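K.L.:
Now for the letters of each chain:
Number of protein chains: 2
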Amino acid sequence: MNPPKPSDAIPEAALPRLARYLRKLEQLEEEGLETVSSRRLADAVGTNPAQIRKDLSYFGGFGTRGVGYDTHLLVKELRRRLGLDRERRVIIIGAGKLGTALALYRGFAKQGFRLAAMFDADPRVVGSDRGAGPVLSIDELEDFLSAHEVHIAIITTPAEAAQEVIDRVAAAGVPAVLNFAPVRAVAGPGVALRQVDLSTELITLSFYLAGD
Amino acid sequence: MNPPKPSDAIPEAALPRLARYLRKLEQLEEEGLETVSSRRLADAVGTNPAQIRKDLSYFGGFGTRGVGYDTHLLVKELRRRLGLDRERRVIIIGAGKLGTALALYRGFAKQGFRLAAMFDADPRVVGSDRGAGPVLSIDELEDFLSAHEVHIAIITTPAEAAQEVIDRVAAAGVPAVLNFAPVRAVAGPGVALRQVDLSTELITLSFYLAGD
Chain Y
188 MNPPKPSDAI PEAALPRLAR YLRKLEQLEE EGLETVSSRR LADAVGTNPA QIRKDLSYFG
248 GFGTRGVGYD THLLVKELRR RLGLDRERRV IIIGAGKLGT ALALYRGFAK QGFRLAAMFD
308 ADPRVVGSDR GAGPVLSIDE LEDFLSAHEV HIAIITTPAE AAQEVIDRVA AAGVPAVLNF
368 APVRAVAGPG VALRQVDLST ELITLSFYLA GD
Chain E
188 MNPPKPSDAI PEAALPRLAR YLRKLEQLEE EGLETVSSRR LADAVGTNPA QIRKDLSYFG
248 GFGTRGVGYD THLLVKELRR RLGLDRERRV IIIGAGKLGT ALALYRGFAK QGFRLAAMFD
308 ADPRVVGSDR GAGPVLSIDE LEDFLSAHEV HIAIITTPAE AAQEVIDRVA AAGVPAVLNF
368 APVRAVAGPG VALRQVDLST ELITLSFYLA GD
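So the sequence lines, in the order shown, correspond to chains Y and E. Just so we're aligned: 356 in my numbering is position 169 of the first sequence, and the numbers increase by one with no gaps anywhere. Just so we're aligned: 366 in my numbering is position 179 of the second sequence, and the numbers increase by one with no gaps anywhere.
Don't read these hints as lab results, they were simulated from the structure. Careful, some of the hints might be misleading.
One copy or two, it doesn't matter: identical chains are merged, so the pair holds either way.
[What the hints assert, rightly or not] Under the rule of at most 20 Å between Cα atoms (straight-line distance), these lysine to aspartate or glutamate pairs were calculated in the EDC-like manner:
{"#": "1", "residue 1": "LYS263", "residue 2": "GLU221"}
{"#": "2", "residue 1": "LYS211", "residue 2": "GLU347"}
{"#": "3", "residue 1": "LYS297", "residue 2": "GLU218"}
{"#": "4", "residue 1": "LYS241", "residue 2": "GLU218"}
{"#": "5", "residue 1": "LYS211", "residue 2": "GLU388"}
{"#": "6", "residue 1": "LYS241", "residue 2": "ASP384"}
{"#": "7", "residue 1": "LYS297", "residue 2": "GLU388"}
{"#": "8", "residue 1": "LYS241", "residue 2": "ASP257"}
{"#": "9", "residue 1": "LYS241", "residue 2": "GLU347"}
{"#": "10", "residue 1": "LYS241", "residue 2": "GLU329"}
None of these values were measured; they are calculated from a predicted model.
Can you build the whole structure from these sequences, using the hints too?
P.N.:
Below, the structure is given as C-alpha cells:
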C-alpha cells in the first residue's frame, strides 16, 4: 500500500475492523436501535469491548459511559471518515468470470460504489453485456478516462496483462487500484494500490493444517 | 481466525509475506539461481532486507552471511512449513460466477490445491459443468464428505445461505473454511475459518481517497 495521503490518524490496520463495525451498526440502526454499548457491538462482530473502544476512540465524542454510542451519529461519522458518504465511480478491467462476479457483487453498490464501465481486450467479449452494460474495448480506456472521473480501477485481467493496465490507468489519473490478478504489481507515488491475492488466503489455511 | 493448532512459532501476520517470498523464490529457482541475498529478494518483492531476514529467521540455517540463502533448500522448507508439500483437496460450495471464477483460478492448482467437487442448491445448475466436472447437488454434501477426505471448503453461496453450509461442512469434519459470502460467519473450535470480504478492500481504498 502506498497511500497518497497518510496524514489521517486512523491506522490502516484498523480499517477492516471499522468496516465491519459500520456494517453491523447500519444493521442495528435499521432495526431502530438508538444507542449501542461497546459490549453489544463487540458481541455482534466477535471481538471484545476494549478493542471496540480503542478503535472508536479515533472518532471521539459519541460514547456516553453506561449508555453507549449514539448509533446514528457513529454511522454518519464512520461513513464520512471512511469516505463512504460520497459516490465512488469504479471501472473493472477484465470481463472474465471474476470481473463479472465482482460487477454483480451486491456489497459494492450498498457502500456507494458505482460501476461506471467494464473493459476487455477480447473482441469476442467487447460489446457483450456482463450485467453492467456493454463491455468496452480496452482501446477506449484513455478516451473514457479523460471524459469520466473514475476513483477506483479493479484489475481482473490475466497476470501477464495486469502491470501494463495499471500503468495506463495510473497515467490517466485514476487514484486507486485494486488488483486481483495473481501478480505482484507496482504503482507510482500518488496511486493507492491494494492487492487481493486469493492463493495467499488458501496458503494461510494450509499453514493451520500443516500439522496433519 | 480460530486456529486449531496455534503452537507454531510463525506468526499469522507473516504468512502473506512468506507466501509472497515463496512465489518469488520458486520463480528465481526456475531461472536457475542457486543462492539469493536478502537484498535481492527484498527488491523483488518490494520490501527491505531487514524484514526478509526477520521473517526468514523462523526457518533458520539457510542463510550464509555475504552469500545469501540456498534457494532450493529455502523453497523446500517454506513449502513444508506452510503445508504446501502435500495435496490439499478443496470443495467449492456455490457454483455462481465467483465460485466458477475460483474453480478456474490457476494459482490454486500451482500451490497443490486440487478441486474435488463443486456444489450448488439450484437444480438448474446441478449437473452442469463449470470447468471442474459436473456440479453436485448440495443434498449430496454429507455423502460426499463421508466418502472423500476434504481439507478446505470454499464458500461462495449467497450471504443468507453461508452460515448453514459452514455448519454442515464443519459437522462433517472439514477442518478449514474460506468464506467469500458477504456475511460474518462463525465456526466452532477445531475449524480454521478465514473471511475474504471484498467490500472491505474497497472501503480501505475509499479511506485513502477520503480527503478529496
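K.L.:
List, from low to high, the hint numbers that the structure doesn't satisfy.
P.N.:
4, 6, 9, 10
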